[in-house]
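Starting from the given sequences, assemble the full structure and let the hints guide the process.
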Amino acid sequence: MCPIFIVMEFLEKEKEHFIDLWNSRKSSGMSHTKEAWDKRSSGWVSSLNEEKNVAERSERRVRETAEFLRSRGVLQSSDTVIDIGCGPGRFAAEFARTSGMVYGIDISPQMCCYGAEHALSLGLDNVKFLPCDFQKTDIDEMGWRDRFDLVFSSITPAMSSYESLRKSENMSRKYCFQSNYTKVTDSLCDEVLTEVLPPEFRPTPREIRSFYVLFNILLLEGKCPETRYYADIDDHKFYVDDAFVEKTFRFAPKAPKEQYFEKVRDAILRRADSEGFVEVHREWHYGWILWDVRNGR
Numbered sequence: 067m068c069p070i071f072i073v074m075e076f077l078e079k080e081k082e083h084f085i086d087l088w089n090s091r092k093s094s095g096m097s098h099t100k101e102a103w104d105k106r107s108s109g110w111v112s113s114l115n116e117e118k119n120v121a122e123r124s125e126r127r128v129r130e131t132a133e134f135l136r137s138r139g140v141l142q143s144s145d146t147v148i149d150i151g152c153g154p155g156r157f158a159a160e161f162a163r164t165s166g167m168v169y170g171i172d173i174s175p176q177m178c179c180y181g182a183e184h185a186l187s188l189g190l191d192n193v194k195f196l197p198c199d200f201q202k203t204d205i206d207e208m209g210w211r212d213r214f215d216l217v218f219s220s221i222t223p224a225m226s227s228y229e230s231l232r233k234s235e236n237m238s239r240k241y242c243f244q245s246n247y248t249k250v251t252d253s254l255c256d257e258v259l260t261e262v263l264p265p266e267f268r269p270t271p272r273e274i275r276s277f278y279v280l281f282n283i284l285l286l287e288g289k290c291p292e293t294r295y296y297a298d299i300d301d302h303k304f305y306v307d308d309a310f311v312e313k314t315f316r317f318a319p320k321a322p323k324e325q326y327f328e329k330v331r332d333a334i335l336r337r338a339d340s341e342g343f344v345e346v347h348r349e350w351h352y353g354w355i356l357w358d359v360r361n362g363r
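For the sequence shown, this note's numbering begins at 67 and goes up steadily by one.
Keep in mind that the hints were calculated from the coordinates and are not lab data. Note that the structure is a prediction, hence the values are computed from the model and not measured. One should not assume that every hint holds.
[Claimed, not checked] Quick list of in silico lysine-lysine cross-link-like pairs, DSSO-like style, CA-CA up to 30 Å:
1) Lys-249 x Lys-303
2) Lys-303 x Lys-289
3) Lys-105 x Lys-202
4) Lys-100 x Lys-320
5) Lys-289 x Lys-240
6) Lys-100 x Lys-202
7) Lys-329 x Lys-81
8) Lys-240 x Lys-202
9) Lys-202 x Lys-79
10) Lys-289 x Lys-81
11) Lys-118 x Lys-289
12) Lys-105 x Lys-320
13) Lys-240 x Lys-79
14) Lys-79 x Lys-249
15) Lys-118 x Lys-100
16) Lys-289 x Lys-79
17) Lys-289 x Lys-105
18) Lys-313 x Lys-249
19) Lys-313 x Lys-100
20) Lys-329 x Lys-303
21) Lys-105 x Lys-240
22) Lys-320 x Lys-303
[Said to hold, decoys possible] Pair ranges (Cβ atoms, derived):
23) Ala-121 x Glu-257: 24 to 30 Å
24) Gly-166 x Ala-102: 32 to 38 Å
25) Thr-164 x Ser-340: 19 to 25 Å
Beta carbons: idealized from backbone N, C-alpha and C, even for Gly.
What follows is the structure in structure tokens.
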């Protein structure tokens with residue numbers, strides 16, 4: 067067999083390996099239905115609106131992501147952009163500051179309502195939010211094939227399959243961007259939940275393969291992906307009340323809260339100071355990938 071065909075066959079098998087990894091990434095254990103995300107939406111938005119620490123960190127990540135894209139010639143006044151899995155619309159609103167038109171789509175109608183309210187509060191009239199289950203959406207029926215200059219997504223279950231990845235690329239006439247975790251730690255939750263919960267309910271490491279799996283798929287397809295890293299490191303004191311204890315269970319979604327709530331609360335309180343505050347060290351590390359879909363076509 068000709069050496070070049072041997073190499074091509076090897077590279078094709080490598081690509082198939084990474085596609086299998088992409089499709090087999092483990093779920094967080096959370097439900098990703100419209101109803102589930104509608105239910106989570108109010109708590110998400112309340113944190114952004116009422117917790118200064120959360121709002122500042124979110125605004126910084128959104129701003130720096132947009133600055134990176136603008137430095138690469140994206141988000142221009144002539145650009146049409148779509149954010150898949152837009153949540154409460156923070157990225158979409160920021161992109162609309164310089165882009166011609168921005169669309170935010172999310173499986174949760176309530177998230178889209180919050181996104182629209184946020185855009186309205188900023189006086190933006192060039193951003194629209196559409197409830198949409200991306201995995202079930204026909205992009206030709208929607209008129210989305212080759213429609214957008216940037217197809218953006220960040221930490222979304224909408225991109226859980228290789229088919230969804232291909233669909234997002236087919237929507238773009240220029241660029242795609244994805245942001246995925248490369249590392250996530252929470253000193254308190256990791257310690258307390260491991261101490262209190264039995265093995266079957268303990269938190270498992272966050273799925274962090276998405277970044278390097280996607281990079282290798284794109285590289286093997288000749289897409290020349292560009293990468294950048296972003297770190298959000300936070301040391302913060304929290305008052306230990308029932309609402310705070312409730313939030314710790316997000317790292318162990320399969321654990322029956324009614325059975326372990328008091329034990330988790332007591333374990334946290336043992337680590338709190340005399341005024342009921344506990345210090346937590348948290349880290350979120352992101353890997354950004356930007357690629358030109360015209361490469362490799």
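- request: Determine which of the earlier numbered hints do not hold for this structure and return their numbers in increasing order.
  value: 2, 7, 11, 17, 21, 25
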